[in-house]
Amino acid sequence: MLRLTLGRRWLTASATRHSLQPKVTEQLAQLVPETSLKPIHARPTQTTSPSDLTISKLLAAGLHLGHSTSQWNPTTLPYMYGTRQGISIINLEQTLTHLRRACQVVRDISYRGGNVLFIGTRPGIGQAMVRAAQHCEGYHVSTKWVPGTLTNAAQVLGRHSTDSDDLFKPDVMVIMNPMENEIALSEAVLHHIPTIALVDSNYDPRKVTFPIPANDDSIRGVELLARVLSEAAREGLVQRKHAMDLAEKANRKPVEKRPNKTYKK
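Numbering-wise, the numbering used here puts 245 at position 245 of the sequence shown, and it's gapless, one number per residue.
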């Protein structure tokens with residue numbers, strides 16, 4: 001009888017927790033003007049350009065929902081909008097501002113020929129990391145970060161691999177779940193590699209070079225931000241190729257025309 005009672009209580013609490021997200025979303029939508037919400041099962045928006053993003057699109061992706069207030073990290077206070085029924089609400093204006101700044105960083109690094117590494121090791125976001133890396137000719141880690149990949153590459157990859165000319169270190173690391181990849185963050189700090197990461201309400205943003213306050217548990221939200229950052233990197237890559245083409249044309253010497261020979265009879 002005791003087990004049955006506890007089981008009923010657990011099911012009731014679980015149902016209440018799962019039904020809380022649409023209620024909080026609807027109440028927050030009233031505070032954000034001109035917000036069009038989509039159902040949870042809808043496909044994420046196909047907009048990838050940072051300039052086309054709006055708060056309503058971030059809201060529809062569920063990026064505003066943080067963790068329980070009992071797990072709140074006080075260092076995220078500047079990024080918080082408030083609390084609602086025991087859940088921290090992230091300020092999407094801060095999310096949009098920090099996302100555009102991160103896009104500018106990725107665009108500049110890609111324009112200068114840098115390598116972008118996408119890291120997302122949670123179940124369900126692996127394919128998003130692969131697509132993001134392929135879109136901008138970058139790299140990805142979608143299964144598990146091997147400790148020592150940066151700090152002890154000779155032991156992890158083998159001495160023959162480290163002597164190869166095709167081995168490069170990333171110039172920026174985009175991490176979608178930093179709490180599970182703190183080893184990668186610490187290795188990036190040791191090698192002075194800038195990091196961009198999604199920072200939820202339970203994580204310290206001081207560990208990241210360019211934090212993006214957002215819900216890192218939303219698969220739709222992670223896919224959206226991965227596409228946006230990948231598009232920014234691709235824009236920098238296209239600008240770099242265009243600049244190289246212009247420089248090549250400027251340095252190319254014009255072909256001198258031979259004068260027409262006239263023969264006297």
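These aren't lab readings, by the way, just hints derived from the structure by calculation.
The model shown is predicted, which means the values in this text are computed figures rather than measured ones.
Glycine included, every Cβ here is placed at the ideal spot set by N, Cα and C.
It is possible that part of the hints are untrue.
[What the hints assert, rightly or not] Computed cross-link-like contacts, DSBU-like style, restricted to lysine-lysine with a CA-CA straight-line distance of at most 35 Å:
(1) 241 to 144
(2) 169 to 249
(3) 57 to 207
(4) 207 to 169
(5) 241 to 207
(6) 144 to 249
(7) 144 to 169
(8) 249 to 57
(9) 144 to 57
(10) 207 to 249
(11) 57 to 169
[Unchecked claim] For each label pair, taking beta carbons as the anchor points, the in silico distance ranges come out as:
(12) 152 to 108: 42 to 52 Å
(13) 151 to 204: 13 to 23 Å
(14) 137 to 180: 49 to 59 Å
(15) 251 to 113: 31 to 41 Å
(16) 149 to 113: 17 to 27 Å
(17) 75 to 248: 46 to 56 Å
(18) 167 to 77: 33 to 43 Å
inquiry  = Check whether the Cα positions of residue 57 and residue 207 lie no farther apart than 35 Å.
reply    = Distance ~27 Å between residue 57 and residue 207 Cα, so the pair holds.
query = So does residue 251 sit 31 to 41 Å from residue 113, Cβ to Cβ?
reply = violated, 18 Å
query = Holds or violated: residue 57 with residue 169, Cα cutoff 35 Å?
reply = Holds, at roughly 34 Å.
query = If you check the beta carbons of residue 167 and residue 77, does the distance land in 33 to 43 Å?
reply = For residue 167 and residue 77 the Cβ distance comes to about 41 Å; the hint holds.
task = For the pair supplied as a hint, residue 144 and residue 57, confirm whether the alpha-carbon distance does not exceed 35 Å.
result = At roughly 30 Å apart (the allowed maximum being 35 Å), residue 57 and residue 144 satisfy the hint.
ask   = Do the alpha carbons of residue 169 and residue 249 lie within 35 Å of each other, as the hint requires?
value = holds, 31 Å
key: Hint consistency between residue 249 and residue 57 [alpha-carbon to alpha-carbon, up to 35 Å]   = violated, 42 Å
Supplied distance hint 17 to 27 Å, evaluated on CB atoms of residue 149 and residue 113 = Taking Cβ atoms as reference, residue 149 and residue 113 lie about 22 Å apart, which means the hint holds.
query = Would you say the C-beta atoms of residue 137 and residue 180 sit inside 49 to 59 Å of each other?
reply = Check failed, 26 Å falls outside 49 to 59 Å.
message = Checking one constraint from the list: CA of residue 207 to CA of residue 249, max 35 Å. Satisfied?
response = Outside the cut-off at roughly 44 Å; violated.
query = Given the hinted pair residue 241 and residue 207, is their alpha-carbon gap at most 35 Å?
reply = holds, 34 Å
query = Cβ-Cβ distance between residue 151 and residue 204: within 13 to 23 Å?
reply = holds, 21 Å
Figure legend: structure checked against the earlier numbered hints; hints not met, in rising order: 6, 8, 10, 12, 14 and 15.
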